[in-house]
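Colleague: Those protein sequence lines, which keep their order, are chains A and B.
If you're matching positions, the first sequence starts at 8 in the numbering used here and goes up one per residue.
If you're matching positions, the second sequence starts at 8 in the numbering used here and goes up one per residue.
Simulated from the structure, these hints should not be mistaken for laboratory data.
It is possible that some hints are incorrect.
Copies of the same chain look alike in the list, so a pair counts if it works inside one copy or between any two.
As the list claims (entries may be wrong) - Okay, derived cross-link-like pairs now, SDA-like style, lysine to any residue, Cα gap no bigger than 20 Å in a straight line:
1. LYS235 - VAL180
2. LYS117 - GLU105
3. LYS130 - ASN229
4. LYS235 - VAL202
5. LYS235 - ALA76
Number of protein chains: 2
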Amino acid sequence: MTFDYQRVYQHGTLALLVPGLFTGTLSVADLLTHGDFGIGTAHGLAGEMIILDGQAYQVTGEGQVNQLAPTDMVPFATVHFQAPELPNQTLGTVTKAELEAQTLAQQPLKNLFFAVKVTGRFKKMHTRAVEAQQEPYPNLTDATRVQPEFEQDGVTGTLVGYYAPTLYQGAAVAGYHVHFLNTAHDFGGHVLDYVIEDAQLTVQPFETFEQHFPSQDTDFLNSDFDLKAINADIEEAEH
Amino acid sequence: MTFDYQRVYQHGTLALLVPGLFTGTLSVADLLTHGDFGIGTAHGLAGEMIILDGQAYQVTGEGQVNQLAPTDMVPFATVHFQAPELPNQTLGTVTKAELEAQTLAQQPLKNLFFAVKVTGRFKKMHTRAVEAQQEPYPNLTDATRVQPEFEQDGVTGTLVGYYAPTLYQGAAVAGYHVHFLNTAHDFGGHVLDYVIEDAQLTVQPFETFEQHFPSQDTDFLNSDFDLKAINADIEEAEH
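Looking at chain A on its own, in the form it has when it is part of the complex (with noise of 0.2 Å):
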């Protein structure tokens, strides 16, 4: 099998999440033959979903980590195969706010969709976790008012997640989102804040941004869509 580099896969939009379409509608089987690296979240909003090397891991509301299954659902996810040959740079110690400078200076990036995937040592990791909904789900706003968040010094893992130009807003959260998941897989979540202290950046661009839609969902298909409103809500709720 070939991969296509170049191709990011999205299942669902970031819209849908915004009136509160939280139930799963593909599988995490299902995403994997589309990509063995990326960010998402689980059916209910259950957390915050990373996946690293083909495997999906899900940081819940509690900050717990579990692997998901095969055959667990997800209304939203991004997910891409990682080039094996990107040029590796090397951290030193480098803040959030300087990382994102930089990487978005290099090469002319800022109109691509773009994977970061950062891997080694943080001095500081603030991460976030959404806690899961229950039915009749809430919208993403009230979902999120509140939302755990945990913090780490000196560990070890991955950070995996994109960046999306402006004309992607209403798809994806227009910047950066990104996701962590330690070594010993016990902490994790929607990063809000860190510092790297040695780690190997790779930055993958993509000329094919692939939206997958839940086009057999009920829900979806009947849901009124006000994108204006939307797009005010992606910013309170994602920023």
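Position chain B against the provided structure of chain A, taking the given hints into account.
Modeller: Frame of chain A, contents of chain B only:
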């Protein structure tokens, strides 16, 4: 070769055209590997493109119809493989407004990107075609300020295009966007209005929207896109 009839492929994004990125960045030959029906424009915003049965035609601002060569380049196009076994609906006298409302009312289609194809006889067909632009390119609003219009009564041909839900605004024009070519290949363009006399309609919904970006194009990579301004300009230029 097997075709994915659930997939629609788009090269470029409508937002690209707004600031005037009209340079062709994909060959017609490459485009046709992703679909045998579709619409778009040619290098330099030179007219309205329609793809029927794997052949790409251009309706120029002078109303002339040309067949495009495999080496011709396009800045923006949307194509799909027409499924062979779609339900065929026979239409009598139906206006554009009636057809659009009837089509959207089928199943719950409102949140899916879908193709429409109408083949047969039209009592009236009213089109327009944008004129080729010269470098340095103006922006889309200026380029489309004056667009020649064409009208024929009692014309036989094929209408092809797409409905994009509001979720896709920015990537595509939200709503219907359809082109027409008559059977004699001497009349067509971007469809403004029509009345069907006797025709066959097919509707093909997609679960995957694949967007391909001109990741090697320096003008694209370096552009500053303002999505709010772009959405306002799309409204003005395309409706």
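Colleague: Decide, hint by hint, whether the structure agrees.
Modeller: Hints, verified against the model:
Taking CA atoms no more than 20 Å apart as the test, LYS235 paired with VAL180 passes in both settings, with 14 Å inside one copy and 15 Å between copies. For the homomeric pair LYS117 and GLU105, the shortest alpha-carbon distance inside one copy (16 Å) is at most 20 Å, but the shortest distance between copies (43 Å) is not. In the homo-oligomer, the alpha carbons of LYS130 and ASN229 never lie at most 20 Å apart, since the shortest distance is 47 Å inside one protomer and 34 Å across protomers. Taking the closest pair of Cα atoms, LYS235 and VAL202 never come within 20 Å of each other, the shortest separation being 35 Å inside a single copy and 33 Å across copies.
With identical chains, the CA atoms of LYS235 and ALA76 are never at most 20 Å apart, being 36 Å at best within one copy and 41 Å at best between copies.
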